[in-house]
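Colleague: Sequences listed follow chains B and W, in order. So the mapping is simple: the working numbering equals the position in the first sequence, first residue as 1, plus 2. So the mapping is simple: the working numbering equals the position in the second sequence, first residue as 1, plus 116.
Read the hints as simulated data drawn from the structure, not as lab findings. One or more hints might be untrue.
Ranges between beta-carbon positions, derived for each pair [unchecked claim]: (1) W:Asp550 x B:Ser84: 51 to 61 Å; (2) B:Gly106 x W:Asp385: 53 to 63 Å; (3) W:Arg533 x B:Ser84: 46 to 56 Å; (4) B:Ala114 x W:Ser506: 18 to 28 Å; (5) W:Lys553 x B:Gly181: 19 to 29 Å.
Chain W side only, calculated, beta carbon under 7 Å to chain B, not exhaustive [unchecked claim]: (6) Ile182; (7) Gly185; (8) Cys326; (9) Gln327; (10) Tyr329; (11) Gly330; (12) Val380; (13) Pro384; (14) Thr387; (15) Tyr417; (16) Ser484; (17) Pro485; (18) Asp497.
In this text, a Cβ means the ideal position worked out from N, Cα and C, and glycines have one as well.
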Amino acid sequence: MAALAAAGATVGGGVLFGRMVPPRSDGGGAASDGRDPSAAPSLSSDLLDLLDATAEVLYPDGVEGRRDFVETYVLGRVSDRSDYRDGLREAAAQLDAVARDWEGSPYAELDADARDRILRNLGVETADPDPEGPISDRIRFYLVDDLLFAFYSSPAGGRLVGIENPIGHPGGIESYQRGTMPDAPGNTNGGESDG
Amino acid sequence: MAEDGGVGDSIDRTPASSADVCVVGSGPAGALVAHRLAAQGADVVVLEAGPRFDFAGRREQQEEHIRPGMGDPWEMGGPRDDYTTAGRHYPLNAARVKGVGGSTLHWQGMVMRLHERDFEMETRHGVGADWPIDYDDLRPYYAEAERALGVAGAMDNPYAPPREEPFPLSAFPPSYSDSLFAEACERLGIDMHSVPNARNSEPYDGRAPCQGYGTCRPVCPSGAKYTAESHVTKAESAGARVIDHAPVQRLEHDDTGEVVERAVYATPDGTEHHQRARRFVLACGGVENARLLLLSESEQYPGGLANSSDAVGRFFMDHLFAGAGARLDEPTRQNHVGFITSECHQFYDDENPIEGTKLEFLNYAGPSPVIEALHAETWGDELLTQLRDSYGTHIAMGGLVEQLPDAENRITLDPNRRDDHGNPVPHVEWSLSDRTKRAIRRANDVQHAILEELGASIEWTVGPEATGPAYHQMGTTRMGGDPDESVVDADCRTHDLSNLWVVGSSVFPTGGAMNPTLTIAALSLRAAESLSASL
Ligand SMILES: Cc1cc2nc3c(=O)[nH]c(=O)nc-3n(C[C@H](O)[C@H](O)[C@H](O)COP(=O)(O)OP(=O)(O)OC[C@H]3O[C@@H](n4cnc5c(N)ncnc54)[C@H](O)[C@@H]3O)c2cc1C
Ligand code: SF4
Numbered sequence: 003m004a005a006l007a008a009a010g011a012t013v014g015g016g017v018l019f020g021r022m023v024p025p026r027s028d029g030g031g032a033a034s035d036g037r038d039p040s041a042a043p044s045l046s047s048d049l050l051d052l053l054d055a056t057a058e059v060l061y062p063d064g065v066e067g068r069r070d071f072v073e074t075y076v077l078g079r080v081s082d083r084s085d086y087r088d089g090l091r092e093a094a095a096q097l098d099a100v101a102r103d104w105e106g107s108p109y110a111e112l113d114a115d116a117r118d119r120i121l122r123n124l125g126v127e128t129a130d131p132d133p134e135g136p137i138s139d140r141i142r143f144y145l146v147d148d149l150l151f152a153f154y155s156s157p158a159g160g161r162l163v164g165i166e167n168p169i170g171h172p173g174g175i176e177s178y179q180r181g182t183m184p185d186a187p188g189n190t191n192g193g194e195s196d197g
Numbered sequence: 117m118a119e120d121g122g123v124g125d126s127i128d129r130t131p132a133s134s135a136d137v138c139v140v141g142s143g144p145a146g147a148l149v150a151h152r153l154a155a156q157g158a159d160v161v162v163l164e165a166g167p168r169f170d171f172a173g174r175r176e177q178q179e180e181h182i183r184p185g186m187g188d189p190w191e192m193g194g195p196r197d198d199y200t201t202a203g204r205h206y207p208l209n210a211a212r213v214k215g216v217g218g219s220t221l222h223w224q225g226m227v228m229r230l231h232e233r234d235f236e237m238e239t240r241h242g243v244g245a246d247w248p249i250d251y252d253d254l255r256p257y258y259a260e261a262e263r264a265l266g267v268a269g270a271m272d273n274p275y276a277p278p279r280e281e282p283f284p285l286s287a288f289p290p291s292y293s294d295s296l297f298a299e300a301c302e303r304l305g306i307d308m309h310s311v312p313n314a315r316n317s318e319p320y321d322g323r324a325p326c327q328g329y330g331t332c333r334p335v336c337p338s339g340a341k342y343t344a345e346s347h348v349t350k351a352e353s354a355g356a357r358v359i360d361h362a363p364v365q366r367l368e369h370d371d372t373g374e375v376v377e378r379a380v381y382a383t384p385d386g387t388e389h390h391q392r393a394r395r396f397v398l399a400c401g402g403v404e405n406a407r408l409l410l411l412s413e414s415e416q417y418p419g420g421l422a423n424s425s426d427a428v429g430r431f432f433m434d435h436l437f438a439g440a441g442a443r444l445d446e447p448t449r450q451n452h453v454g455f456i457t458s459e460c461h462q463f464y465d466d467e468n469p470i471e472g473t474k475l476e477f478l479n480y481a482g483p484s485p486v487i488e489a490l491h492a493e494t495w496g497d498e499l500l501t502q503l504r505d506s507y508g509t510h511i512a513m514g515g516l517v518e519q520l521p522d523a524e525n526r527i528t529l530d531p532n533r534r535d536d537h538g539n540p541v542p543h544v545e546w547s548l549s550d551r552t553k554r555a556i557r558r559a560n561d562v563q564h565a566i567l568e569e570l571g572a573s574i575e576w577t578v579g580p581e582a583t584g585p586a587y588h589q590m591g592t593t594r595m596g597g598d599p600d601e602s603v604v605d606a607d608c609r610t611h612d613l614s615n616l617w618v619v620g621s622s623v624f625p626t627g628g629a630m631n632p633t634l635t636i637a638a639l640s641l642r643a644a645e646s647l648s649a650s651l
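This is chain B alone, in the form it adopts within the complex (with noise of 0.2 Å):
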């Protein structure tokens, strides 16, 4: 009975810890996870490290903490929706392998105007999300559209517009009664939403 339950335990918590903590990196391909590597072009660097890059030309400047603030709600967000998280990894390598073609470098290693620049040239601006459709849709898709919404969706990104409680956050009953937002400008610590 007592082994039982201790392994019971640990069952529980390593899904609860599955849970809370995202992925750190992306575990060198294949062998983690089962993907065939030869299905998709291959991301050179750490998919936390692309997203973060991404972020950095998708966010207002300045926002700090802004690489806890990916990984909790971009990675943890999605870490238990194993379609969704494929979908979001091809397309960042789909970015790298732009990059390392125009640019001769990993995505996450170009400095941010060069990244910013290798969006605008695809198009990524004015594209269709659509998870299925050609890569500047999917890259908008799953990498802009998803950062965004994380950030937008969250009181770190809402307090920079002046809503500390925007659509998609719990924040509880509170905020609309009240007539101004406090703490206002707010800081821009992405980190200590508490999403």
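For chain B, the structure is supplied; the task is to place chain W with the ligands on it using the hints.
Modeller: The following block gives chain W with the ligands in isolation, referenced to the frame of chain B:
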């Protein structure tokens, strides 16, 4: 033949041998009847056309709503839900959900009682048709419905019909923007008051209090918003069997044409099953109730089952939206929550126009930053500047206007278009009369007066041209005392068949201008009593 009907989840979807009651549709109308009867020991089977949506998926469905390119969170559309329209386009699939819980999965959750006059429009004003029951008949059931749905409200509405007992939950406090409106309304002599919401202002009935997610319509991830899943679960706990993915194709009656014998439903693999029962309850919503009766035509009922009156499908009505929006030069604090906290029912009983009107003070005027960001064509600092320009100072009013019944507004079958099971799709003929348009204009006048008094600059108006339905389909199996003029009696039992009940807003002879679902719930609770007595 797979027992699960081809769904692939190993759940048995074959019929029970026979049931006391077979309920078709699991929205609030059907779920409440199913729960009440099952709790009294009846053997109940519920057949539901749509799927069960797992509550664990609500955050993801919320994301589907907010983010473009992810599809409809409630999966409406496609051959299953096909329809055609004539006259003014009626966007039927925005106006309903098929699934366990029905359209309350998507609804907003405003729940108010009809006024006394709504039951007597013909007698009092010479328009529409009287109901065969009056407010007093429904009053105890309204109170019971408010407890069932968990309504948060306050007794501060001087225009509401009489009630003794307070609401089961305390009202949501007014919003900050309500306080801006209040000053202007006071100067104009316009009263504001709270809004009854089927939404937990505190924990109730095993569901969480509101967390302020702000996406009530179409998806509440906390469970604070009432959905009929609540009464489906209660019905199941009381022993009812609920079969999803089981659209009923037709009802078949006995040789005499006096009783329905079976409901024929199809599972996704195309197999037809027959569910027998002693009593049948149609609860498919305001369009499909009529459609299923029309699809069930027979030699005895060539114009559709229970349709000796030729009223099935006729008198289709909805409430019309009237609204206006503006910007102020100060923060208005919109889009924190997805529901409203103040309304004005002061003009509801007016005689000029006779059409009922209720006015709403919105808490979600203007764009939400996250949705705008996802549709923007830029990012970074440029996007932030754009969002700051557009968010923060919007303010708006909405309102519902009554549409009187008209026999030419109707649901028929379209012989030229078939659904996924080969049945003719519903054809919605719907237009607005000049008097409805005048009533909408009148609502706009009041809205403009309030916004102007606020000193806001008006940016948009939804008037008689731009108006659309509020997604309340009513009137198509109207209730009445005369079998030549109506489909069901005061207990919601069809005049033609002794074991067939029809519940939902399709039985409304007139619709007032109040959101219909509290009245639907009250009528279902009342019908459950007559059903129970008949067993
Ligand atoms: C966006 C939106 C907002 C709304 N807001 C409000 C509001 O604030 N207040 C309010 O009072 N009302 C509101 N409504 C309306 C409210 O949702 C409906 O009045 C209510 O859900 C109707 O209940 P019902 O049980 O009669 O029908 P429904 O809830 O529509 O349920 C009918 C069920 O029957 C099933 N069905 C249909 N045909 C068949 C068949 N042949 N076989 C088996 N099953 C079948 C359907 O799949 C569905 O699940 C809103 C609706 C929408 C769409
Ligand atoms: S604001 Fe709406 S969606 Fe959010 S928790 Fe409250 S009821 Fe649900």
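Colleague: For each hint, tell me whether it holds in the structure or not.
Modeller: Now the hints, each set against the structure:
Roughly 57 Å separates the CB atoms of Asp550 (chain W) and Ser84 (chain B), a value that falls within the hinted 51 to 61 Å. The given range of 53 to 63 Å is respected by Gly106 (chain B) and Asp385 (chain W), whose C-beta atoms sit roughly 55 Å from each other. At about 38 Å, the beta-carbon gap between Arg533 (chain W) and Ser84 (chain B) misses the expected band of 46 to 56 Å. Against the hinted window of 18 to 28 Å, the Cβ-Cβ separation of Ala114 (chain B) and Ser506 (chain W) comes to about 26 Å, which satisfies the hint.
One distance hint, 19 to 29 Å for the beta-carbon pair Lys553 (chain W) and Gly181 (chain B), is violated here, with the actual separation near 38 Å. Interface hint status for Ile182 (chain W): upheld, as the beta-carbon distance to the closest one in chain B is roughly 6 Å, under 7 Å. Of the supplied interface hints, the one on Gly185 (chain W) holds, with its beta-carbon coming within about 4 Å of a beta-carbon of chain B, less than 7 Å. Residue-level restraint check for Cys326 (chain W) holds (minimum Cβ-Cβ distance to chain B is 5 Å; threshold 7 Å).
Of the supplied interface hints, the one on Gln327 (chain W) holds, with its beta-carbon coming within about 4 Å of a beta-carbon of chain B, less than 7 Å. Interface restraint check for Tyr329 (chain W): the shortest CB-CB distance to chain B comes to about 5 Å, inside 7 Å, so the restraint holds. With 7 Å as the threshold, the beta carbon of Gly330 (chain W) comes within range of chain B, its nearest partner Cβ sitting at about 4 Å, so the hint holds. For the restraint placing Val380 (chain W) at the interface with chain B, the shortest Cβ-Cβ distance is roughly 36 Å, beyond the 7 Å limit, so the hint is violated.
At its closest, the beta carbon of Pro384 (chain W) sits 22 Å from a beta carbon of chain B; the interface hint therefore is violated under the 7 Å criterion. This hint is violated: Thr387 (chain W) has a C-beta 30 Å from the nearest C-beta of chain B, more than the 7 Å allowed. Evaluation of the Tyr417 (chain W) hint against chain B yields a violated restraint, the C-beta minimum of about 47 Å exceeding 7 Å. A least Cβ separation of about 5 Å between Ser484 (chain W) and chain B falls short of the 7 Å threshold, and the interface hint therefore holds.
A cut of 7 Å between beta carbons decides the hint on Pro485 (chain W): the least distance to chain B is about 4 Å, and the hint holds. With 7 Å as the threshold, the beta carbon of Asp497 (chain W) comes within range of chain B, its nearest partner Cβ sitting at about 5 Å, so the hint holds.
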